[in-house]
Every structure is written in C-alpha cells, then in structure tokens.
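Asks: Residues per chain are reported as follows:
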Amino acid sequence: MFATLRPFEGSFFDDFRSLEREMGQLFGSGSWPNGIRSPARGAYPPINVGSTPNQVDVYLFAAGLDPKSLDISIQHNLLTIAGERKADTREGVNYYRKECFNGTFRRTITLPEDVDPDKVDASYKDGVLHITIQRREVVKPRQIEIK
Amino acid sequence: MTERKDLEKQESKATQQIKQDECILRPQVDICEDATGITLQADMPGVSKDRLDIQVDKDTLSIAGDACLDTPDDMEPLYADIGVTRYQRSFSLSGELDATKIDATLKDGLLTLHIPKREEHKPRKIEVRTG
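Respectively, the protein sequence lines represent chains C and E. Per our numbering, the very first residue in the first sequence carries number 1; after that it's consecutive. Per our numbering, the very first residue in the second sequence carries number 1001; after that it's consecutive.
Just so you know, nobody snuck in bad clues.
Within a straight-line C-alpha distance of at most 30 Å, the following computed DSSO-like cross-link-like pairs (lysine-lysine) qualify:
(1) 1107/E with 119/C
(2) 98/C with 1117/E
(3) 1101/E with 98/C
(4) 68/C with 1107/E
(5) 1101/E with 125/C
(6) 125/C with 1107/E
(7) 86/C with 1117/E
(8) 98/C with 1058/E
(9) 98/C with 1107/E
(10) 98/C with 1122/E
(11) 1101/E with 86/C
(12) 1049/E with 125/C
(13) 86/C with 1049/E
Read the hints as simulated data drawn from the structure, not as lab findings.
Next comes chain C alone, as it looks inside the complex (with noise of 0.2 Å):
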C-alpha cells in the first residue's frame, strides 16, 4: 500500500516555499489578499495539500491523535477536519516546556472546484492524517484525437 513512500526532500514542498517566498518579495507582503478562509501561520494542524490530475492529497500533520476523535466532512469542495488532541498532562509533576498542542481543533480547507465529495479515503500513519478525494472524471484531461 505504501509502495511509493519516499522522503520528499528536495521536492515539490521545497520548491512551493521557494516559490511562495519570490512572490512575496515581488508583491512585497501584505499586499497579496489573502483566501477568505486561509488561516493565520501556525494554525495547528500544519496541512500540505498537493493535487494530481486524478485527485486531491490533503496531509495533516497532528501527532499523538486518537483517529476516533476525528470528523472529517466535506461540503461540496470545502473540506473541515475537526478533532481533539488530548495531551496525558500529569498531575504533581513539575512541567518546564509545554508547547505540544492539546484541545480542540478545527480546520477547513477550500479544494478545487472539481473533487468529488463522494470519493473520500483518510487514513492515519505515524502522526499524519493523509485525506485523498477523487476528481470528477469530466474534467481529467483528455486527449483529443485530430480525424
């Protein structure tokens, strides 16, 4: 099932912030509007969201969750996971850091046009919720033949 795990070093991310940074110093910062529903930075879960012709990734990065606490639903292209992280805060220790996420969250997220909300899979591994939805078939590209 994971035969295409590869560390993605170097990769599209990489390459997305570099991107995201040149145009931040070509439309200096702040002048660029920002989506009506993009979070502030460091909005807990950090989310990676790539797509392919066939259909959309979403990746949350939220380690030590119970999957049960999960709700993922999605509303024709809009996608909100919300859920707990229940950190195992100890009684009559002494805490010096405490900078782990614990309560609530909520996200939501605005997919491209074309997903099919039916077509849903989520999975979680080693603290990464991976979300998959399918593209509608309409739109995949097609290769037109010239007669």
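Chain C is already provided as a structure; the job is to place chain E on it using the hints.
Replies: Positioned in the frame of chain C, the structure of chain E alone reads:
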C-alpha cells in the same frame, strides 16, 4: 590581516547556520520531571521508527528524524504549511541524569523519552525521630 580572515570565517559560519536553521523543523516538546527522572515528549508527525535518530554525546541529547509521506509522483503543491521534512532539536542534560538508561517510544508521530535520575540523586524521605 588574519583577524579579518577570522571575522570573515565567522560570518560565513553564521550565515551557514541561518541557512541550516531554515531547512529544519524544531519539534515542539513537553518536558516534565518527577521523582524518577525527566520525561520528554516531542511531536514528530510523519517520522517512522526507522527514520528516527536519538543520540547522546557527552551531555547533549539530540533528537532528529525525517518525515516521509506517500505522495503520488505527479503531484503538484497547492498549499503547504510545512515546507521541510527534517526535524532536529537538542537539549543539554545535567549530571544527575543517567543518559545510558534512556527509554524511548514512538507512537503515531509522538516521541516519548524517559531519562532516569541516577540512584544516588533520587529523593529520599528523611525520617524524623522523636526523641
């Protein structure tokens, strides 16, 4: 002349460090202490057991790991909160901790380390005699 050279060297080292820092993620941690020792929990989503590296060098504890996702080959990025996949963070340990007996578990991207205190440093209850 040599002074200037040293300065240049230092500068390039500093810029290198900044470049390096841009390429790594600092995992977020919870650290607590009880009578037996220190417990450290680190969020490292995407890291599997075989891509995790924990090292103790003298009194420095380093944790590192590579995140790995199953991405289709023809994928194009639409949005990314996380642009790098290398986690790295280190901590200095104090002398009463026994680094040779660190216990580590990794579950769902959450790393838990328990660093025990040396026997002689564990708190003892002191009985008060009534005379």
